[in-house]
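Undergrad: The lines below spell out each chain.
2 protein chains.
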Amino acid sequence: MVREPASTLLPPTSPATPAPHRLLIGRRGMVPTGANVIWKIQSGLVRSSTWGEEGDMISLGLWGPGDLIGRPLSCLDPYELECLTAVEVVAVSDPALESHESLVRSLRYTERLLSITRLRRAEAKLASLLGWIGERFGQPGATGWEIDLRRIPLTHQVIAELSGSTRVTTTRLLGEFRQAGRIHRRDRALIVRYPETLYPPARLSA
Amino acid sequence: MVREPASTLLPPTSPATPAPHRLLIGRRGMVPTGANVIWKIQSGLVRSSTWGEEGDMISLGLWGPGDLIGRPLSCLDPYELECLTAVEVVAVSDPALESHESLVRSLRYTERLLSITRLRRAEAKLASLLGWIGERFGQPGATGWEIDLRRIPLTHQVIAELSGSTRVTTTRLLGEFRQAGRIHRRDRALIVRYPETLYPPARLSA
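Here the protein sequences line up with chains S and F, keeping their order. In this text, residue positions in the first sequence follow this note's numbering: the first is 1187, and each later residue adds one. In this text, residue positions in the second sequence follow this note's numbering: the first is 1187, and each later residue adds one.
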């Protein structure tokens, strides 16, 4: 599952082609990981993954506009970058110059996903994951994060794979969350209530 | 469990104190996370962690010389940096200048730990974790990675918390690994056999 560290972290550059390489990839397509290139996402949603010991898919992250992805940022093999929507990426020609904040953000997100998947109860994993997706990809609304499902296509399967629970458990828990008012649908959006609104009113007014 | 992103990723700098801040911390001590400082480890071993929903400890990484750690690199709260040995750290005065490769390395390591803890079988987690620790902190020997346990104090508890298994399961599996010749002790070192040596000899000579 592990790949030798690349000999250099910088993508190969050629003086003859100074313009950044740009790719448009359809939904369900793959961002290339064969070459030693760091890509910056311009638009769309990408999921990074590897495979477990039984050939099962292991989600490693969910990445959107501004995020850096690519072979040099991972030591895993297989390592796949699947487009969950149509995606536009550009090759980063000099990662060292522009990538400090992006790398820090990627590190924080990966660490956060690690902490979520390590929670014991499936209910806690799901609540934590939905809050995280809301914060990262949603718009703040009056009562909760509003996630546009046209931009962020969250199937039960995708949610299950990110949280490290089964699809069956995830579907059951999403039903319970809906009944408890912790999530609801409005038009094409999923609303994830802020945790605070579940607290007793006394606490909110404090 | 989540902390607001810091307003800046750079640590506060003061022209009056140009010398890098340096700390010597004893075993079981904590690297400070109160201030917005990125630390570079000069020597020793540090474990980053947060707490789960039941107050249980969640290991997020194991960090050694050259690695960057600190509050700005995490969005988790609580976030603790425990010294597993005596540790020396220096404050990084300009992370953007020197940290690209360190950040990429941290990102790869965190992603790898995520992939390890997501494996289904405890036996696969342990094998993968021991291989990873051998690669990162061990010396390559004739038959396997040699991990100096004076420098890298791997208790069953530490191994269990990193792999996401229980201590009881970890102790049982370590016994099985020992009987199968996958690990053994020599003086103060733990030897973790390379996976290849478990293959049939025919494959090795290919």
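One or more hints might be untrue.
Claimed, not checked - If you anchor each label on the Cβ, the simulated ranges turn out as follows:
(1) R1371(S) to S1229(F): 30 to 40 Å
(2) V1354(S) to R1307(F): 13 to 23 Å
(3) G1367(S) to A1366(F): 28 to 38 Å
(4) E1287(S) to L1209(F): 24 to 34 Å
(5) D1242(S) to D1373(F): 48 to 58 Å
Calculated from the structure, these hints are not laboratory results. As the structure is a computational prediction, the values presented were derived from the model and not from experiment. Where a beta carbon is used, it is the ideal one built from N, C-alpha and C, also for glycine.
Undergrad: If a hint holds in the structure, say so; if it does not, say that too.
TA: How the hints compare with the structure:
1. R1371(S) to S1229(F): 30 to 40 Å: 54 Å, violated
2. V1354(S) to R1307(F): 13 to 23 Å: 20 Å, holds
3. G1367(S) to A1366(F): 28 to 38 Å: Since G1367(S) and A1366(F) have Cβ atoms about 52 Å apart, the given range 28 to 38 Å is violated.
4. E1287(S) to L1209(F): 24 to 34 Å: 25 Å, holds
5. D1242(S) to D1373(F): 48 to 58 Å: 40 Å, violated
In this structure, the earlier hints numbered 1, 3 and 5 are contradicted, and the remaining ones agree with it.
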